[in-house]
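K.L.:
Given next are the chains, with one letter for each unit.
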Amino acid sequence: MQIKILRSETDTHQLYTLPAGEIPLLNALSYIKETQDATLTFSAGCRASVCGTCAVRVNGREELACAYKVKPGDIIEPLQYHPVLRDLKVDKHRAKETLLKSTAWLHTPQEASLTHSDEKLSERQTDCILCDSCYSACPVYAVNPDFLGPFALTRAYRYSTDKRESSTKNIIDNIQSNGVWDCTLCGECTAVCPKGIDPKMDITMLRGLSVQEGYQDPSFATQSFGTPDFGGGGFGFDPNAGF
Amino acid sequence: MIDVLIIGSGGAGLTAALAAKDAGASVAVAGKAYPTNSQTSMAQGGMNAALGNVGEDDIGSHIADTIKSAKGLCDEVMVKHMCENAPGTIAWLESLGVPFSRLDNGKSGTQTVAQRQMGGASAKRACYAQDYTGLKILHTLYDTCLKEEIDFLDEHYLLNLITEEGTVKGATFLEIRTGEVKQISARSVIIATGGYGALYHGSTTNAYGSTGDGVAAVLRAGGAVSDMEFIQFHPTALKHSSILVSESARGEGGYLVNEKGERFVDELKPRDEVARAIFGQIQEGQRVFLDVRHLGEEKLMELLPQEVELCKLHEHVDPAKELIPIQPVAHYTMGGIDVDQGLGVHGIKGCFAVGECSNAKVHGANRLGGNSLLEITVFGKLAGENATKHAADASSKPADDAQQQKDTEAVEALFAQKEIVNFYPYREKLGNLLYEKVGIVRDNAQLQDALKEVTAMQEMQKAMGIVDQSRANNQNLIEFLEFQNALLLAPTIITSAIDRDESRGAHYKVGFEQEDETHKKHTLIQWKKEATCR
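As they're listed, the protein sequences go chains Z and S. Note that the numbering used here has the first sequence beginning at 1, numbered continuously upward. Note that the numbering used here has the second sequence beginning at 1001, numbered continuously upward.
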């Protein structure tokens, strides 16, 4: 079985041959490093889909290398929108910056009476392993590198639904700029999350919370709804026009 | 010069950082990866605290269970400290927003935290967050560190501690991104680098990075390590990938069966006994399985969602319908850096150690499930506080750059050294050797064999080296440095096991099947000073 891996030094896809059989991509990468090419560089940790270290792109889609089974002809590349440090290893420091900006933590904790259904409110969101897959799949980054991004917003949502937070206003205030309204709701993040998290839905929910706090979609005010103005109460249809 | 340098950014390091910062210290956390990549993320089952939320429980029972499992090798003062502080630590984690699983009992605060039974516990005592307990605690700690503006130095690989006259002055690191050797001066140092389970490469539940770098650095700096022979084997890892299936699977009612479908052990006994029972079956030629089918798909998805997914992915079995093939593998290292009751490292002043890398003597010969997450949070706080106190009185005179020079030369020498032998197969060979000859059941002849083989590997190491000549992001170099640490630690495990002619907890030796009162002591190893037992 052969696979191709994008090497940063040459910026070309290098072909590697693996023994036949179904193995996780991470095992394949280790096999290559140990037996064929010690310079191949990638990041790995737990092997069990929970440390978030080994996310890469396979045939253009984000995958955890430890959870993806290699197929002949696979093309392996580093995550998008991250500076490539070497081969499949990328710089994930933006994660910290976006988490910092979105202030995703408890601001003013209070004692609460939490139930099993309260636990469910953030169960999925707190499964996040910060693998950066959603960030890599998010097309907003192609045009706005300052976007807070799916996982930071999911985390902001997770804390803003927590009954132990007595005032969610701080968090909501901090995700307005380059935040909830900049998402295009394309759902690419949701499609690639290895933990089944739905950041798109979380962002939608945050928009609702933002409206409750008195914010509105900033693009709404400036948006154009079918100029020229047809008159007639602004409903876009003038029965007398053109006749 | 910073007050407190924390090396390692898992649960213990992050808790220590928060505590030190809270106590007024300037803090930096250096780790070889990113904080949330640590081994703590893999802890599944839970964290013990005698809250008594599900049935009766009290701190005395928690202490008694821990002491019993430790088989005479714990420090009861430390156990008492840990167990007494458990409910308060849960309350602290609650105040940070840890998403614990909950009970519908109409109460408030920590009284609604759900609790489950783990092996060796006399009550439902483990607080949990589905089977992602470690992950959710770790990430909440990380979020809180961001809130508290903790400084992180990611991708800093620990090379050596800097000491002067037995006092720590900082540490040297290989900055992985640049390949530069740098030193960080500090008034106090906390080592929180995790255990050495990854030495059992291929036969461990541990992440690749749990290579005992901090333990090795302490040995090189003249500090002591203790009880290195006590390696806990987790009874239930997936057979083909060694990936962990949490003890909570048994706690929730999962059975162990052999291929004849017979149960052969009480699944809720402590890990050492269950692991040996499984090993016995395997030696008789039986395959062993975990059976959770009777729990039903809905309950499995509720309580053990991660396990269900991992079984499907790595074993191609659906636990709701099929048996899960398992084997016991290396899971947790009870031994490590020898510390006093204030977590100060034996032999190095101003240096503290916490978490799996340290031997705070709360686990003794066998750790109870649910006590490791407790240890890293309770003692993480203690380490942070004590390191801050030490920093207040410590000298501000930074160390010279002698260690940095020495380490720079050592790294340069590695680049210059020709690779005649590829070290990767030896990493695997060492893992197999330890599993087979320094494993669940040991005997002196095999241990002696293992020591010979390891010594031969140390000789062979001179012919090994790195192929990758890149200075920046050289993972080949990091893995070789980790392997050197492994080869340094392996003999300490084996010689400690040879010395202990008895069976106690996780250490079981053929021909010496009983506990022996004369061995009711810690095995201590310290270089540059005469090896001694106490």
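Some hints could be false.
[As the list claims (entries may be wrong)] Derived contacts from chain S toward chain Z, CB cut-off under 7 Å, selection only:
#  : residue
1  : Ser-1095
2  : Phe-1289
3  : Arg-1293
4  : His-1294
5  : Leu-1313
6  : His-1316
7  : Ala-1416
8  : Gln-1417
9  : Gln-1484
10 : Leu-1488
These are computed hints drawn from the structure, not numbers from a lab. Think of the CB as a built atom: it goes at the ideal place given N, C-alpha and C, for glycine as much as any other residue.
K.L.:
Would you pick out the hints that fail for this structure and give their numbers low to high?
P.N.:
2, 3, 4, 6, 7, 8, 9 and 10
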